[in-house]
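**Student:** Residue-level listing of the chains:
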Amino acid sequence: MIKKYFKTIGVIALNTFRETIRDRILYSLIGFAALVIAAGLLAGSVSLGQDLRVIESFGLTAMLIFLLIITLFVGTQVVWREVERKTIYLTLTKPVTRDQFYLGKYFGICLTTATSALIMGAMFLLEIYFKAHIFSVPALFSIIWMIFEVWLLTALGLMLSTFTAPLSSAIYTFCLALIGHASTSIWQIAQKSPAALKYILDVIYYLFPNLEKFNLRNEVVYAINPPFSQVWTTVVYFIGYTALLLVLGLMAFRSDEF
Amino acid sequence: MLKIKSLSKTFYQTKGEKNVLKNLSLEVKKGQVFGFLGLNGEGKTTTVKIIAGLLFADKGKITITGDNSREKIGFMSENPHFYDHLKVNETLSYVGELFGIEKEKINIKIPELLKLVGLEKSAETPTKKLSKGMRQRLSFATALINDPELLILDEPLDGLDPLGRLDFKKAILALKKQGKTIFFSTHILADVEEICDEVAILHNGKIIEQGNPKKLLGRSKKTLEEFFVEKVTQND
Ligand SMILES: Nc1ncnc2c1ncn2[C@@H]1O[C@H](COP(=O)(O)OP(=O)(O)O)[C@@H](O)[C@H]1O
Ligand SMILES: [Mg+2]
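Sequences listed follow chains A and B, in order.
Residues in the first sequence are numbered from 16 upward in steps of one, following the working numbering.
Residues in the second sequence are numbered from 588 upward in steps of one, following the working numbering.
It is possible that some hints are incorrect.
[As the list claims (entries may be wrong)] A short, non-exhaustive set of chain A residues, derived as facing chain B with CB atoms under 8 Å:
1. 19
2. 22
3. 23
4. 26
5. 33
6. 100
7. 101
8. 102
9. 104
10. 105
11. 106
12. 107
13. 108
14. 110
15. 272
16. 273
[Claimed, not checked] Incomplete in silico selection of chain A near chain B, CB under 7 Å:
17. 37
18. 38
19. 109
20. 111
21. 208
Just so you know, these hints were derived from the structure itself, not from any lab.
Ideal Cβ placement from N, Cα and C applies to all residues, glycine included.
The whole structure should be built from the sequences, with the hints applied where relevant.
**Tutor:** Pasting the structure below:
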């Protein structure tokens, strides 16, 4: 029984992956990202001695930006498109629960974003190898952390897309991604603020995702392996937050009519 | 096999409330071919969507009997749509996998179904290249992949040419012979008289007439179409 439950989710996820990975816009985004990452080589040769650091910092930032675009683009559209194109009827009239459908869509998008990240990440690691003849472990961690980040944001975008149109949910997800990366600054400002403002900023800090947890750019640039305690708190944070978003999204999706 | 009791559904549109179904009740018995008739916009699709769980009723109850009932239903939705990235055979394979059917069995079943619905030459065609009638045929095939006991078909005749309709009627009668129960909605009455054991006319949210088409028409020389129009205008 349980095996069948997850197998159905897998069938939907694979179909979603196949659908989204064939998208021409996705190809162009990955292609463009590859160019930008490669362009880091040029940027690197401008600043003597700092080559590697510049390449790493620039490459990771470029990767994150492109992954965010891909996530916003794919993650907030997939369910809406099923409803709009009425393909949702094909799946939901079968022995498939709303939960299975929603989770299948989620994992399908995750496969697509992870594939994109792995392609870009492989290019990035090759570039570092080419430049410095090292295999950077922190860079590998950083890429995995980025995947976690976009998986969390996918759950967020998917949840928002059950309430609003794809464009607005993409905009909201983007804003929350910005806030999420400003979380350290928000916390710092909160400490110096008057009580009322501090309260609001604290709520924002604790409620919204803290995406800085997934930022390992400094560790990469200074070649520091992230300590074990940080690794597992990040993993737990990712799983907990994402699960919460998925449950909230599912609750909304269960009562939707098509 | 399928029992609908006091089903009510209201849509809240910008123009105001629309009570589409008002205490709709009907029963489809095992082995019957049941025609669910009504003009456009009477609520046939709404009823089918509630049965499928796509819409939620405000009131009322639907009971489907049979083992693993949901696994043993074949649905065909109105104006079927498919995934653009899948071919005809891939679409059938996807649906089969949703039912948890093993790959080998699906691969045996697909050519049989394609032959039955007359799409054997289109197995490798991307679904976006299908005509309306071909979509209808593919949709019918997807409804049959799990070898269902109960078929629920929304406007299956829509978009079919005369040959397509004839094929469909033959297929329905063949399925009836195998003991299947078939519930289908339609606003096209010309064809249903010959294949239905029972018809129900949906009007203003209720069933205004139900019975065996031959008995309903009795000795009058009316066609089902004339009978239908008469009943609907009487009830306005
Ligand atoms: N999701 C919806 N929201 C608002 N009104 C709807 C919705 N779906 C159907 N309706 C309205 O309900 C009525 C019945 O529609 P439908 O069930 O599709 O009729 P039929 O299938 O018999 O042609 C129509 O007037 C239609 O406009
Ligand atoms: Mg209809």
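**Student:** Output the indices of the hints that this structure fails to meet, ascending.
**Tutor:** Hints 18, 21 are the ones this structure does not satisfy, whereas the remaining hints hold.
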